[in-house]
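*Asks:* Here is how the chains run, residue by residue.
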Amino acid sequence: MTQDSVKPFTLTLGHLYPEQLNLYGDRGNIMTLRRRCQQRGIALRVVGLGIGDALAPDEYDMLFIGGGQDKEQAPVAQDLYEMKGIGLWAAIEDDMPVLAVCGGYQLLSHYYRPAEGPDMRGLGVIDAWTIHKGSHVARCIGNVAITWNGMTLVGFENHGGRTYLGSAKPLGKVLKGYGNNAEDHTEGAIYRNTFGTYLHGSLLPKNPHFADYLISLAIQRKYGQELLDTTDSDMGESNGTVHSQISNSVAVASTQTDETLEILAPLDDTLEWEAHASMLERLGLYSAANAVLRRSKD
Amino acid sequence: MRKQSTPRSDTSRSGDHALAQQTRTRRLSGSGRQRFRRRRGNALRAGLAVVAGRTAGALSRRLHLGGGTSIAGIVAQQMYPGIISHLATQLAHGSVIVTGTNGKTTTSGFIASIMRNEGMTVWHNKEGSNLMRGVASSLVIHSMPNGRLRRASSAISILEIDEATLPNIVQAITPRVVVFTNLFRDQLDRYGEVESVAAYWRRAINTLPDSSTLVLNADDPTTATIGENFGGKVLYFGVDDLSLNLPEQNTENKRHQVMDTRTCPRCGHDYVYDARFYSHMGHYHCPNCGLKRPQPDVRVVQMHTDSFDQQSIKIIMGSGPASEEHELTVPLPGLYNVYNAMAAITAAHALDVSWEPIVQGIQNSKPVFGRGESLETNGKFIRLLLAKNPTGFNEVMRTLFYDGDNKHVLFVLNDNIADGQDISWIWDVDFEQAVGKTRTLITAGTRALDLALRFKYAGVEQDKIIVVPPAPLKAENVEARARGRALNRVRRKREAAAQTHEPDGGQALSYGLKQALDLALDQTPAGETLFVIPTYTALLEIHRDLEQRGVAPHYWEGKDA
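Chains as they are written, first to last, in the numbering used here: chain A, 1 to 298; chain B, 299 to 859.
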């Protein structure tokens, strides 16, 4: 089997509201996904989904939604509910990897209750809700580190609302910083393959393991099933027209074994891990920093 | 003055409070003699405040605690909270306030230069002291122990004011002119979003009397609309040279443009741009409610870049038969400085200054502290180009890489409180502009690693980036690190050898800003220019270092200290 056989992988990333929700360097997340795919020969196509665009779940393999100004969040909330709600819900239930940062995270939970005025309705796919306790309660602003999957994630948070989890699992435990609500040490939320978090900074550049995790989820979801099948004829019906378009390009890939899917080829992430460790050290988390550097060496 | 029994920590405050109480009681009694005594009392307090403030400032400077730029104000305000209005009302020519995200310092420098040419004495608050205490300082250090401002009969004060301080300052000072340069996203963790700053401004404008004049940027949609309900005179400036329109980029890049205002404040519909010059600056209109860019009173109809810091512009002032056309040269780099010059010209126009002092004032003004400042050391040139936010960075880089020459650049990214602790915005800056256009690329500052990572993702090869973090990682395994940076070190050694100039500790990795600067200067051959692009606190650090090397003047020298 040659290296070339990996090339035909193609992924489509739906970037929700790139013009409205782009306040906190969300571009860094997209750039990271793009570059890390590119270096492994995976073609990543990024499609912007603005206000008024419908979301057809079978056209995408991953979704990203960022945070924005309050002023811009209200029309977005309405559009999300009316135009994209069902598609997004279907995608999430179908295990599509979705990363929702800050405002996007709030929009995927039940509601956002501002200090004044009516509640802003969210999509409710993540069982969590957000309450802004008024201007006398300080915003949660600062560098933040959390545990994730036996490792750490670092970022920056800046949110006025406090998020409380219902049945949703937290993304991680806060090591330093505020997290969801500055009370229960939880940060973010997970529902199926949907990840809500307050971490920006941007999140993915300095957390390459999390970026790769999202990419591998998308690859597995798209190609895993197909590659197990010896023929792909029965898949055509369920995936409709999109599938036939892809099936030509993955014809070679379908000879792949399952193992290569599990692990994406490692990249030189020295700089990424140094930046990650340096933030952990600034937050006083020396042993975590040590662990990161040790692991990055392997 | 009798002190009330209050917690010790608050004694000076309670003292003021007691005095205020006393004054109020006197006012109630209402006799003319007592009023006179109160005024004399205020003069006495002002005198004391001036003496105390100036002493503190002199001490701080003598003890090398800094430029003493705000300590004088802090002390004076403690002595007499009303010191700012007390001194400002003595100004024969009143005050001009300059605020906005970018260009405050340069614009107020231009205005000061114009007013000096007009024959006025200019009292100007210094760099970095654009909060209340800085304003207090600038007035106190120019006052006499009798509580009188020096040369008040010919004086005007040009005050550069922090965006969020504006509502407070207009309580203390009634300005003749308020200039709003622009409004961009800046330090989200400190100022909040663009909208909340605009709200501060509207609140400040609501308290202004109709006798004040607003000078607004017509091309910036948010700035242009903040004067909507103002009863007084409003003057706009803008660019009408359509050849400066940005080329339409592919949709994806367009989407990633840093545009901090996209929607109409009246109806929320997206603006449509007929021309866009940078970020959200341009000719915009709302197709839904018809809100559009106001017709500017001062407009640039033609701009030509003669050299890096030489922009020739043709300007039209006023409209109809009364309009005047003029030409002048702006001695600073970039379109953003042309906007700054226009803001200053419009302010001068509002103060009825004639053209001659305006053109002299602009053309003879020198770059202010770190804003295009040029220095020389050992036959090498250093250019300091402050950049503090996405739009600032984009414009500085656009200006820097305008010609095809590859440059030596040192980027310094700090995340101290005055810089903003959130550096997410670096991912919105088009560092892609720098790819393949640098001969030396060094990143330094507290977030040197993040910036290096940004360059990596922009497409700069990793071994072309020299990273100089402030300190080594504690947890670091030396071997792992050495391997990670080996390429850089090899390259550095090779180049050092080629120049037969072994840098200090050539074997060791470099840490700290001093070393970053040394390294950058080593990489810059004689006769060439090192461009230093620092964030705000990084600029202060770099400047202090250059002062110690005797390369730069002390920052309270050569200004109006």
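The set of hints was computed from the structure by calculation and includes no laboratory data.
Treat the hints loosely; a few may be bogus.
[Unchecked claim] Facing chain A, from chain B, some residues (calculated, C-beta under 7 Å):
#	residue
1	Cys584
2	Ser722
3	Trp725
4	Asp726
5	Ala773
[Said to hold, decoys possible] Here are the computed lysine-lysine pairs in the BS3-like style, where the Cα-Cα straight-line distance is at most 25 Å:
#	chain 1	residue 1	chain 2	residue 2
6	B	Lys735	A	Lys297
7	B	Lys754	A	Lys297
8	B	Lys590	A	Lys297
For each residue, glycine too, the CB sits at the ideal point set by N, CA and C.
*Asks:* Confirm or reject each hint.
*Replies:* Evaluation of the provided hints:
1. Given hint, Cys584 (chain B) at the interface with chain A, is violated; its Cβ is 15 Å from that chain's nearest Cβ, farther than 7 Å.
2. Because the beta carbon of Ser722 (chain B) sits about 3 Å from the nearest beta carbon in chain A, less than 7 Å, this interface hint is met.
3. Taking 7 Å as the C-beta contact cut-off toward chain A, the hint placing Trp725 (chain B) at the interface holds, the least distance being around 3 Å.
4. For Asp726 (chain B), the interface hint holds, since its Cβ comes within 7 Å of a Cβ in chain A; the closest pair sits about 6 Å apart.
5. With a cut of 7 Å, the hint placing Ala773 (chain B) at the interface with chain A holds, because the nearest CB-to-CB distance is about 4 Å.
6. For the proposed pair Lys735 (chain B) and Lys297 (chain A), the alpha carbon gap of about 32 Å is over 25 Å, so the pair is violated.
7. Straight-line distance between C-alpha atoms of Lys754 (chain B) and Lys297 (chain A) comes to about 19 Å, which keeps the hinted pair within the 25 Å bound.
8. Note on Lys590 (chain B) and Lys297 (chain A): the hinted pairing is violated, with a Cα-Cα distance of about 57 Å set against a maximum of 25 Å.
In this structure, the earlier hints numbered 1, 6, 8 are contradicted, and the remaining ones agree with it.
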